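> Sequence lines, in order, name chains A and B.
Just so you know, we're using the numbering used here here: the first sequence kicks off at 1 and counts up by one.
Just so you know, we're using the numbering used here here: the second sequence kicks off at 1 and counts up by one.
These are calculated hints, taken from the structure and not from any lab test.
Given the structure is predicted, the values throughout are model-derived calculations rather than measurements.
Idealized CB from N, CA, C, for every residue including glycine.
There could be a bad hint or two in this list.
Computed footprint of chain A on chain B, listed as stretches where at least three residues anywhere in the stretch have a Cβ under 8 Å from a Cβ of chain A [unchecked claim]:
id, segment
1, 153 to 162
2, 201 to 213
Calculated lysine-lysine pairs in the DSS-like style (CA-CA distance at most 30 Å, straight line) [what the hints assert, rightly or not]:
id, chain 1, residue 1, chain 2, residue 2
3, A, Lys-223, B, Lys-12
4, B, Lys-67, B, Lys-169
5, B, Lys-240, A, Lys-223
6, A, Lys-263, B, Lys-240
7, B, Lys-50, B, Lys-67
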Amino acid sequence: MSRVSISPEQALAEVAEFGRRLARAVPALAAAGEPGAGCSARDAVWQEDKVVLYRYRPLVERAPGPPLVICYALVNRPYMMDLQPDRSLIRGLLERGVDVHLIDWGYPDGADRCLALDDYVNGYLHRAIGRACAASGVPAANLLGVCQGGTLSLCYTALHPERVRNLVTMVTPVDFHTPDNLLSKWARNLDVDRMVQVLGNVPGELLNATFLSLMPLRLTSQKYAGVADIIDDPVALANFLRMEKWIFDSPDQAGAAFAEFIKWFFQENRLVLGGLQIGGRRVDLEDLRCPVFNVWASEDHLVPPSASKPLRGLTGSADYSEFEFRGGHIGIYVSGRARETVPPAIADWLAVR
Amino acid sequence: MGQPNDPADWLKAWSEAQARLWSELVPGQQPASGQGLPEPGPAGAEAARKLMEFGEDYLGVTREFWKLLQQAGQGQAPAAGTARLQPELEGLRDRFIEGYSRLLGTAPTGDALSAWQQMAAGAMPAGPWPYAQMPAFGPLRERQTAHQRLIAATVRYQRAVSRFGELMKRVASEAVDRLAREVADPAAVRDPVASLRALHDLWVECGERAYAAAAHGSEFAAVQAELNEALLDLRAEQQKQLEDWARTLDLPTRSELNTINERLQALRRRVRELEEEFERRGGGPG
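Given the sequences, and given the hints that come with them, work out the whole structure.
Here it is in structure tokens:
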């Protein structure tokens, strides 16, 4: 007895229908045009090298309180936070009066290959936060770290506690050695010093291939078969193309910082096991005493919840809260459910602190 | 014209429908087995070519799977070990290998070349190297040893790719076994697969489970690491040869640029420290 019940007539009809849809796809894709990057109005308020700090224009009257600085990952581009009006975490925060700043790390090139984590954390991030604080006339900012940017934000807050009033971490890896973390298992076998010595900066394309190879059939076959389903829906098609642009718009990684990140976090798990130093200064999460709001995604295949949850108990904060989003690593930024739940959760949490 | 009744007739009708689709997408062109996809032309043709690639991937998998079920006989589940069905099972296994290898370094052609392979492509020495094993001596000794290192690195890389390919074959076999079990699972009959899309989803699901089981294992990590290191070795040898050549012409090399970069970055850090110290001491402009 087989569970497959497809008649030959049905199979042929499906092939024909698939063909008709694909035939409509060429003009539909041409009509969709080039997707944009980012949708909310903003101004560049500070720049150093390729790093730019943006401040978003308010959509409602700004609520009192320190500015919120978003520290995105070095991997991928930060416009994911503001992809389109109905799928924008930033817009959701702006609508609640949050004064949103965003750090854009830019696209490192060969001249940046010696940039180390010290340059990113104690250099760019420190000065960007300093700029945001100075503009608002406050001594400390709220910091929202996303994914790898969350890990960097944890380090920053531990090193510069006086500059961070509240810390929000989103889909942030903390414990890199949990059994379900496939990326971490692969990274542990990497001779990353040799890799950086030979490649210099690590190509974004290579990282993309690695991320896709976590689920190769789902991400390179099943996803595109699904395009036939949305070919008559211009909005869904535009959403798909925008996501494709973001997924494959991957900056190269500055070699030195990449090597340090892989070794110290993925291989040696120093944030949990100790021994982490950035710029010659010890990073101890016990030194992180400001309120912490840890947000993770239950279905995250890149940063499994098991990697994020251990933050509880590792910091010295007496005010630690958590929020679980039911969805994946991408859905937490762009799904309709995320839009309804994540920005309010963050804004409400910040509002009372 | 009457409806075909024999499974072979249905498959022929399927193939014809698919061929019509390809010719509608890109007139005059259709993918032939082993011949790759049409060359990219103008923008529309390029979009069509990509769609054909995805379409061929989807329809190809479902066609192989459905063919297998038809060969096994309607209402019967295909057993992975059935000799009569070996060609069809092999076809499905090949589809899994293609799917896995698209990104991981053993894909055969065209766009499917992985990022790793693309980087390696320029590093492959061409032609035979008769003195690969010879001890080096004489005025060209250094050049010979450099060539020998390049050959050794190439061979190492090819072996690593081959080893990875073997692993992927095993994973693909496991995926086919899973697929056969899933189709035959009496407990799953209440959850029938009633469309080609669902058939494809089942293929993906079984493939991902087999892949994940392997990918979390130590063998996968070791094979992947060896592939990585072999490629880096190959690239390093290529870079070294290029640098030697550049030095003879007094051209700047990457190594020299790296040294300058490192010195510059160290200087910038020192300036930053001094600026911060200056600020701490209450200094300011004018």
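> Which of the stated hints cannot be reconciled with the structure, identified by number in ascending sequence?
1 and 5
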